[in-house]
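Below, each chain spelled out in residue letters.
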Amino acid sequence: MTAGAHETGTAAGLVERAAAAFAASVPEHPADDGFFGPESVTWRLAVDLTTPVAGLRSLIVQALHPLAMAGVEQHSDWRSDPVGRFASTSSYLVSTTYGDRAAADRAAAIVRKIHTYVHGTDNVTGKPYAADDPDLLLWVHAVQVDSTLKAAALLGTHVSPADADRHVAEMTAAARLIGMPDGRAPTSTAELDAYLAAVQPDLLLTPAAADTAAFLLDPPGLDDDIAGLWSEIRDGVLTVLPDWASDRYGFTRPSTQLDAHALAERRAEIRQALGVLDAVTLGEPGVLEARQRIELRIRQAQSQAPRQ
Amino acid sequence: MSERSVGRLRMERGIAAVRLAARGGARYTRNAPRLFRAAGEQRQQLRNDLALQTAEDVATTLGTMKGVLMKLGQMASYVDDGLNPQVRRTLSRLQDSVPPMSPALAAQVITEELGSPPDEVFKEWDPVPIAAASIGQVHRAMTKDGEAVAVKVQYPGIAETISADLGNVGLLRSLLKMAAPNQDVNALIEELRERIREELDYEREAASQAKFAAFYDGHPTIHVPKIIPDLCAKRVITSELATGARFQEFLTWPQAEQDLAAETIYRFVFRSLYEAHAFNGDPHPGNYLFQPGGQVTFLDYGLVKYFTPEELTPLEHMVRYLCVDDDKEGFRRAMVDAGFLMPETPLPTDDIVEHMSLFYDTVRTRGPRTMTGEYASSVARRFFDFRSPLAAYARIPRSYVIVQRINLGLFSILAEMNATGDWRAIAEEIWPFFQAPPTTPMGEAEAEWIKTRTPFPPNDPS
Chain A
1 MTAGAHETGT AAGLVERAAA AFAASVPEHP ADDGFFGPES VTWRLAVDLT TPVAGLRSLI
61 VQALHPLAMA GVEQHSDWRS DPVGRFASTS SYLVSTTYGD RAAADRAAAI VRKIHTYVHG
121 TDNVTGKPYA ADDPDLLLWV HAVQVDSTLK AAALLGTHVS PADADRHVAE MTAAARLIGM
181 PDGRAPTSTA ELDAYLAAVQ PDLLLTPAAA DTAAFLLDPP GLDDDIAGLW SEIRDGVLTV
241 LPDWASDRYG FTRPSTQLDA HALAERRAEI RQALGVLDAV TLGEPGVLEA RQRIELRIRQ
301 AQSQAPRQ
Chain B
1 MSERSVGRLR MERGIAAVRL AARGGARYTR NAPRLFRAAG EQRQQLRNDL ALQTAEDVAT
61 TLGTMKGVLM KLGQMASYVD DGLNPQVRRT LSRLQDSVPP MSPALAAQVI TEELGSPPDE
121 VFKEWDPVPI AAASIGQVHR AMTKDGEAVA VKVQYPGIAE TISADLGNVG LLRSLLKMAA
181 PNQDVNALIE ELRERIREEL DYEREAASQA KFAAFYDGHP TIHVPKIIPD LCAKRVITSE
241 LATGARFQEF LTWPQAEQDL AAETIYRFVF RSLYEAHAFN GDPHPGNYLF QPGGQVTFLD
301 YGLVKYFTPE ELTPLEHMVR YLCVDDDKEG FRRAMVDAGF LMPETPLPTD DIVEHMSLFY
361 DTVRTRGPRT MTGEYASSVA RRFFDFRSPL AAYARIPRSY VIVQRINLGL FSILAEMNAT
421 GDWRAIAEEI WPFFQAPPTT PMGEAEAEWI KTRTPFPPND PS
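Sequences listed follow chains A and B, in order. For the first sequence, my numbering assigns the number 308 to the last residue and increments by one with no breaks. For the second sequence, my numbering assigns the number 462 to the last residue and increments by one with no breaks.
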C-alpha cells in the first residue's frame, strides 16, 4: 500500500490506519482484564476473521435510522476523512474491548463528551435528535451486536446459541460505557431480535444513508492491492445484510439469486477472501504482536480456570 | 540395567560418535546422542507458548488461504523480481505467525500414524520441535536401535484445509495478479497447486528421499539422510538426523570452503538432472547443511520432479547445440521440440539465441567464473520479462516450469556464496553426451562412487 493516507475523501490507507489503531489499542501492560475479560465470547469475536464484514454491515444498517444518520451527517467529518473516522471508531471498540477498565473509561468519556455536542434537527423527518438519546444509543448498540453475531455465523465462524446469548449479555457493559441507562440494552438474542423487529417502523432510507452505503460498498481511492479483495468483501456484506435492510436499500436479496447450496459456497469463498485480508492486516506493524498478546491472555485464563 | 550403566553406555556412544566424526568427517553415525544434542542447537525461535493445540487451531491459523499464501511466499523466493514490497512483507510476517503444534497435538499425529504414542515408538522423543517446516515441524528422536533421527510431523487437517483453499481459483488469480502483476498467472497457479499438492504428500517425499539417498550413497561430498521406512507414514517422515552449519553461518566461512560447497551443490543439481532424470526443485538455503571440505547434506525432498527421457532429451539438445556444437538452428529446433518456442515464430534465429544465451552463460566457455548477484538477478529479470519481442512466442511447458528453479534458485544461491568455479568443465563431466574425465579434485573423488553406485530407480513420470 502506498502513501497518501491523508488524501481527503478517499479510502486510501484504510488497512494501515485500521491496523495501527488496533495495534495501539491492545494494551501491553493492562492493570486489569477490563469490562469483558479473556474468557468472554466478546474477546474471541472481536479478532474474528469476519470483523471487517461485521463492521461494514453495522454501519450500513445503522444508517437506516434517519436520526442516527442525521447526527453523523451533520456533525461527523466522515465525508472529508472517512479513513480517519473509521480508524477512530476501531480504536474505540478495541480500547473498550481489550483495554483495562481505566483505558475503557477514558475512551468512553471522550465519546460521551462528544455526543453532548451532537444534536439538531433531521432535514428528512423534521424531528429533533441528540446523540446521547438512549433510543439512538440503543439502535447503534443493537445493530453492532447483531452484526458481529450474524457476520460470524453466516460466514462460517462457529458460535453456539449459548455463546451468542453470552455475547449479547456481555455487551451490556459496552452499552453502560457509552451512557445507556441500565436495563435498556438487550441481554439475550431473543431480546435483541424482538428489539430489531419493534424498531422497524422508525427506519427509512434517506439520501444520506444511500450515499453512506454506496461509499462503504465501493470506496473510492482504495489502494490497488486491497481493491481486488474489496469486491469479495462487498459481496460478503451483501450476503449477511438482513432482508429488511436489503429491501430498504433496494439491494437484491442474495437468497433470491442463489439457492442455499450456492449461497453456502459463495460464503465459503468470501471467508477465504477475508482470510487474505486478515493476512494483509497481519503484515502491518504491531498487529501480530497485539494478537499474540490477546491470545496469550486467553490461554492464561483458560489454564487458570477451574476444571469443570 | 541400572540407571548409572545406562548413562555410561550413552556416554560411550557419545565418545564413539566424536571419534567417528573426527576421523571421517561423517555427519551421521548410528548411536549418536551427541548429534541428537547438537541438532537441538539449531532450534529456532518457536512460539511454544502459543502452540496449536487442536486440529481446529491448525485450520484457523493455516486455513482461509493463509497456508496457500505462505507457499506463495516461498515461491516468491524464486519469482523475486516481480513481487511488490508490501506483499513480500505480508508473506514474511505470515511465516512468523504460525506457532508450532503443542507436544500433545504432535504426539496425537504420531499415534494416529504410527500406531502408538511417540514415547513408545521411539526410545527417546523430544517433545519440543527443533524446527518449523512449512506444513509441519521437525522433532528429534532416537529410535529403539539407538539411531538419532529427525521426525517431520505434518499439521493435522492441513491437507483438507489447503485443498479447499486451492479450489478458489478466482481468488488465487486475483492474489497472484496483485503479487506479481507482470507474470503469467495461469502458469503460476498451476505451479502453486502442484507444489502444494506434492508437499502435502509425505509418502511421495519419503520415497523420493530414499531414492536420492540410495543413489548418492558413498558419494564423497553429497549426503542425503537415509529414510527409516518403518517409521514413515502419510503424515510422518523419519530420517537420519543430520547436523552441520546453516546457510547464514556457512556464509562466514572462508571463500575456499564456499567454493567447494558450491561445487558440491552444482554437481548434485546436474547429476540428479542428467543421470537420475530427477530434479529436487527446492534449491533453498534452508535445505542445506554444511560441513568443512565441501560436504553438503541435502534436506527436504518435498518437491522432486521426475523427467521422462522424452522430456529430458530436448533440454540436452538445447545445451548441446548452443554450447558445444555451436549450431544455432539446431538450438532453435530443440526449443521448438521442447515446446518453449512456437514453430512459426517470425523472429530471426540470432535474436532468439541472443535472448536465450544468458541462461547458458556459465557453461558456454571453459575457465573459472564467479557467480555474482548481478548475474543471478539479470537471469531472473530476463526469465520473467514478458515485454521482450520473444515473449509473444515463448512458452514454458508444464513439465519444465520447475526447471526455472535451476535458473533462479540455484544461481542465486551460488551468487550469495560468491562462488568461483569452472562450471563448464564440471558440466562436461556430467553431460551425458560429453562424459569428460574429472577436472577437479572433487571430480576425482567421485570416480569411486561412479564405479560402484546403484542406478537411480526408474521414474514414474510425474
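Think of the hints as simulated: they come from the structure by calculation, not from any bench. The reader is advised that the hints may include incorrect statements.
[Stated by the list, open to error] Covered, in the sense of this in silico footprint (three residues per stretch, anywhere, with C-beta under 8 Å from a C-beta of chain A), are these stretches of chain B:
{"no.": "1", "stretch": "56-65"}
{"no.": "2", "stretch": "93-103"}
{"no.": "3", "stretch": "427-441"}
Since we're looking at a predicted model, the values are computed, not measured. Every residue gets a Cβ at the ideal spot worked out from N, C-alpha and C, and that includes glycine.
Outcome of the hint check:
Figure legend: the stretch 56-65 of chain B, annotated as covered by chain A; annotation consistent (3 residues with Cβ-Cβ distances under 8 Å, at least 3 required). Counting residues of the stretch 93-103 of chain B whose CB lies closer than 8 Å to any CB of chain A gives 4, so the stated coverage by that chain holds, three being the minimum. Here the stretch 427-441 of chain B counts 0 residues with a CB under 8 Å from a CB of chain A, which misses the bar of 3, and the coverage is violated.
Of the hints listed earlier, the one the structure fails to meet is number 3.
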